[in-house]
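Asker: Going down the list, the protein sequences come from chains A and B. Following my numbering, the numbering of the first sequence begins with 1 at its first residue and continues without gaps. Following my numbering, the numbering of the second sequence begins with 1 at its first residue and continues without gaps.
Be aware that one or more of the hints could be misleading.
As the list claims (entries may be wrong) - Example chain A residues on the side facing chain B (calculated, C-beta under 8 Å, incomplete):
1) V60
2) G118
3) I137
4) M140
5) V247
Unchecked claim - DSS-like mimics (lysine-lysine), calculated; alpha carbons at most 27 Å apart, straight line:
6) K202/B to K190/B
7) K28/A to K190/B
8) K208/A to K176/B
9) K217/B to K4/B
10) K176/B to K270/A
11) K270/A to K193/A
12) K71/A to K89/A
13) K208/A to K193/A
14) K176/B to K28/A
15) K217/B to K190/B
16) K89/A to K208/A
17) K176/B to K190/B
18) K217/B to K202/B
19) K217/B to K208/A
20) K81/B to K71/B
Unchecked claim - Per the computed footprint, the stretches of chain A lying under chain B, defined by three or more beta-carbons under 8 Å from a beta-carbon of chain B, are:
21) 34-40
22) 217-228
Worth flagging that the hints you see were computed from the coordinates, not collected in a lab. The structure displayed is predicted, hence computed values, not measured ones. Beta carbons: idealized from backbone N, C-alpha and C, even for Gly.
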Amino acid sequence: MTWLGGAILFWMAAWAVNAAVARSAFGKGRAGRLFVPVLFGITVLVLWEGVVRGFGVQPVILPAPSLIGVKIAGSLEVLWADFMQTVVKGALSGFVMGVGAAFATAIAIDRVPFLQRGLLPIGNFVAALPIVGLAPILVMWFGFDWQSKAAVVVVMVFFPVLVNLVAGLQASERMQRDLMATWGASYWQTLLKLRLPAAMPFFFNGLKIASTLALIGAIVAEFFGSPIYGMGFRISTEVGRLGLDMVWATIAVAALAGSMLYGAITLIEKWVTFWHPSQRH
Amino acid sequence: MREKALPVLAVLGIIVVIWYAAAVWMNSTWVYDQAERAGTTVSFAEMVPQTMAQERPLLPPPHQVAAELWKGVAGQAVTSKRSLVYHGFVTFRGTMMGFALGIVFGVAMAVSIVRFRVMEMSVMPWAIISQTIPIVALAPMILTVANQLGIDSREVPKAIISAYLSFFPVLVSMVKGLRSPDAMQLDLLKTYNASEGETFWKLRLPASMPYFFASLKVAVAAALIGTIVGELPTGAIEGLGARMLIGSQFGEPLIMWAALFAAAILAGLLILVVGAVEQMARRRMGVPA
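When you get a sec, could you build the whole thing from the sequences and use the hints?
Answerer: Listed below in structure tokens is the structure:
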């Protein structure tokens, strides 16, 4: 009971600290903005540990965070191999190819408004579809290795990026385009110097949606067949063996990879679209 | 209407043409292999029709998928295990459970985030991070844990996964919506000596409704994706996701494609219905369409 009581005590104390920080001047600053969510995260871990130990929850139902931490430290090599296979080879290569294809398509149909008007509703619709369902088909076509995972990712990221970029290319204002015309700018000059930069906030919005889809696609595709490593493979086999600590370790890696990908895109966005009102402080 | 429909139809036409071309190209290998094994040769003109009617095509042409879809929808009793209506209904039920759960959870979180600054500061970053975690990684585990806890129903894990995906759009829009009344309106209520509860019920909540309904379309699509993902790796035997899995395991591409298109049709219907509800709500609240 001491574990449970201690955890609840810690929770209440942390909550009081957070509430105080949120009201104080410290909470308005950058450090405060970081401090509060981090303390909240730690509190969740402490509560989790306390509940698991206090109630004596079986590790096959919910392993304690400390157990998961030990597992991560003990199987770094396996986790790294899985990470390389699923995230780097599957998700990232598919992400780059899919975004590249969407970019090329958007530019290619940019001069044909007729196609754009047709493609936008269809693209919007397809972006809302459960495309993950294509995973078994693509695994059948491209085999078990990372190529099929990359293919699933390409299909999944293509439409969100395309739709956002096509919408973004129309985002520049009439006045701005007229100004380019008065300067005698050619189509390509207008595209490169005005319309593409103006489309970037939309483009990055699409990239952010695509980044989470990419990991989902790569992991789901592995459920349908994979070599004997990879995060999806690890999860499905370890669940079968009730090795939940390893499953949670893999999930932690997946969460870290997902957050890092999202964070990297946000950083690049800040650097590229520094002029946009949402980035100015 | 015609101005809108024409480009869409044209693009659809292009997609169908590409699809047929790809089907001929991908299925031709099998035809040539068969011919070689039989010791005969086939000309291009003979090959094309043979790619259109294979039993296990690499890429089934559209009309084969349509035929299979029709067989699954109209050719079976609705209660049959082979009926796509039946499996579609199972998926629909899971989607609705997850959708409802996601709405409740998302709205509740949005209300507490708008009310308490400490909630916003501590929970909001984690809500964003939660969406970067590939939920599918959790799917098989949620099922096992549910089993261990003695929950036999496969509906619960499915609903959890789909709620996890659908709460986020609702949360983000509701936070925006509940904050949308401007200072003037809030000041007015203060001059009326309105309590915090009254401000919430009479100003903030009505003001957030357009945001709420706009988020529902995204949320319902996300809930459907969540349900299907939940059916894929969890060894479910019912539902469109399970149909895809069965098609994959038994090497029946037609079943897979039919299930995929059934899912697409279901997604379209759900978005249409939610859109209609949105329109109705807007009209009742007096927002010009």
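Asker: Checked against the structure, which of the hints given earlier come out wrong?
Answerer: 15
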